[in-house]
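Number of protein chains: 2
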Amino acid sequence: MRDVKSYSPPFEVGKPLQGGAVGRVVESRSPGLAAGDLVQHGYGWREHAVLDASEARKIEEIPGLPLSVYLGVLGMPGLTAYAGLLDVAAFKEGEAVFVSGAAGAVGSLVGQIARLRGASRVVGSAGSDEKVAYLTGKLGFDAAFNYKKGPVHEQLAKAAPDGIDVYFDNVGGEHLEAAIGALRRYGRVALCGSISAYNATAPVPGPRNLGRAVGERLTLRGFIVGDHAERMPDMIAEVGAGLREGRITFEETVVDGLENAPAAFIDMLRGANVGKMIVRLAP
Amino acid sequence: MRDVKSYSPPFEVGKPLQGGAVGRVVESRSPGLAAGDLVQHGYGWREHAVLDASEARKIEEIPGLPLSVYLGVLGMPGLTAYAGLLDVAAFKEGEAVFVSGAAGAVGSLVGQIARLRGASRVVGSAGSDEKVAYLTGKLGFDAAFNYKKGPVHEQLAKAAPDGIDVYFDNVGGEHLEAAIGALRRYGRVALCGSISAYNATAPVPGPRNLGRAVGERLTLRGFIVGDHAERMPDMIAEVGAGLREGRITFEETVVDGLENAPAAFIDMLRGANVGKMIVRLAP
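Chains as they are written, first to last, in the numbering used here: chain F, 1 to 283; chain A, 1 to 283.
This is chain F alone, in the form it adopts within the complex (with noise of 0.2 Å):
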């Protein structure tokens, strides 16, 4: 049997690590920016970063949240969620949602607007019973369950015994069979992350009843968030106000030290966080 590969690593061997950041800026010599503005841009994994300003978006702190929102409800994560949830998945108001990686910095998002645009069902995955407890106690997910617990597919079809119309995948494999098996006809899949292969020594069998898709009609679509730029307006403004007015709460897992990086990615790869996992470099 020939090497399937099933995913490319986000990055090159041997150039920078990208990865979202706030930062202050020390000096400019753009117009439009000067020392003393906090930015968002995409050079993480450094101290500080030199780049053009059209590479950095100015930011405003809003009172009661920390900086660090830009990077995850309000930011790239937040984006992802938004333009998953509302555009490839083309969810509808009414229609039950399952979402895996569902304590996470997107999927926690994921499950919250669902709710918030009146979603019939919110079902939610993740892989510790504190994280499960978090979701329904906190995020007001309907039903969520501990996936290391038992089969998905049983585990789902207790959550969502009527099924699901849209399920946002973070994860692949196992959850994926499941879902498809789960969704009702005209179903959409969002397919966002396949974290079961990134941490995989072999690779993931693909979802066996993928059949159901022709007479049950679903559509599997997979997305990379920088092709939704054009949403961030939006996504800060209903996210915003949900945020400001207590309808939508987040949780962030903080590291300290640049020189702690490599370990909280690979916490994040194992699950280690509750919501977005954000590397702190200066109070």
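Only true hints are included.
Distance ranges between label pairs, derived from CB positions:
no. : chain 1 : residue 1 : chain 2 : residue 2 : range
1   : F       : Ala202    : A       : Ile266    : 34 to 40 Å
2   : F       : Ala90     : A       : Val13     : 35 to 41 Å
3   : F       : Ala202    : A       : Glu130    : 36 to 42 Å
4   : A       : Lys92     : F       : Glu55     : 31 to 37 Å
5   : F       : Gly118    : A       : Gly137    : 55 to 61 Å
6   : A       : Gly150    : F       : Ala202    : 23 to 29 Å
7   : A       : Ser120    : F       : Leu17     : 35 to 41 Å
8   : A       : Gly226    : F       : Ser54     : 47 to 53 Å
9   : F       : Pro161    : A       : Leu269    : 32 to 38 Å
10  : F       : Pro161    : A       : Pro16     : 30 to 36 Å
11  : A       : Leu269    : F       : Asp129    : 47 to 53 Å
12  : A       : Ser120    : F       : Ile62     : 47 to 53 Å
Taking beta-carbon pairs under 8 Å as the criterion, some of the chain A residues facing chain F (in silico):
no. : residue
13  : Gly172
14  : Leu191
15  : Gly206
16  : Pro207
17  : Gly211
18  : Val214
19  : Gly215
20  : Arg217
21  : Leu218
22  : Ile224
23  : Asp227
Since the hints were derived computationally from the structure, they do not count as laboratory data. A virtual CB, placed ideally from N, CA and C, is assigned to each residue, including glycine.
Use these hints to put chain A onto chain F, whose structure you have.
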């Protein structure tokens, strides 16, 4: 491992089989239809049918073409090819198309419509060298291969060295995985059937490379022709013109006698036919 039911057969045991049919009205109580009229309807697998006039569509003989054309290129297979390629897979001029089951009633039309609409490359797979010769020789496919003669992904890589934009899937299984591996960014798959699963004695493994869908923004969409009935007039206009002008060609495999219909059906599933499999009840 649980039982994975990857498809539902399009019939219920104990109920009469449905199937596309062309017939002549013997007796009518509807003002719109008279004895002697030719009609197309869905009550196949029988010599006589009693049906409501609303379930029959009056048709006219086309000079030079057999009436069975309404069961193939100008019937449900024609609509399946047309709507699947243009609406479900959103094919656009200049794109490269791959279709499996390419010598069948649907597949042969997918390739020809793509060619007439300016595909950059049309590639098909089939199950015999004779069919492959028919595709490149008579139907104008740019390349074709016999999937029984080697791994599909290797043969596809040779037939479409620059990759594909659209895959029209009639078979699932190994073909689908190979196509996912060959799809270019923003590529689309129209999932039309899974003959590999119908014939299988064990569940067919799912595509192990579905993770590519994220980074390459791929879309896989299942469909059923019945959802696309509104495109019938467009299809008949375009394919009908192609037939009259000799730019679209087709073949049929004709079996005589209702008593031979079950064998013809099984032969179709194992690929004995070229073009639409027709059971002729009267000369």
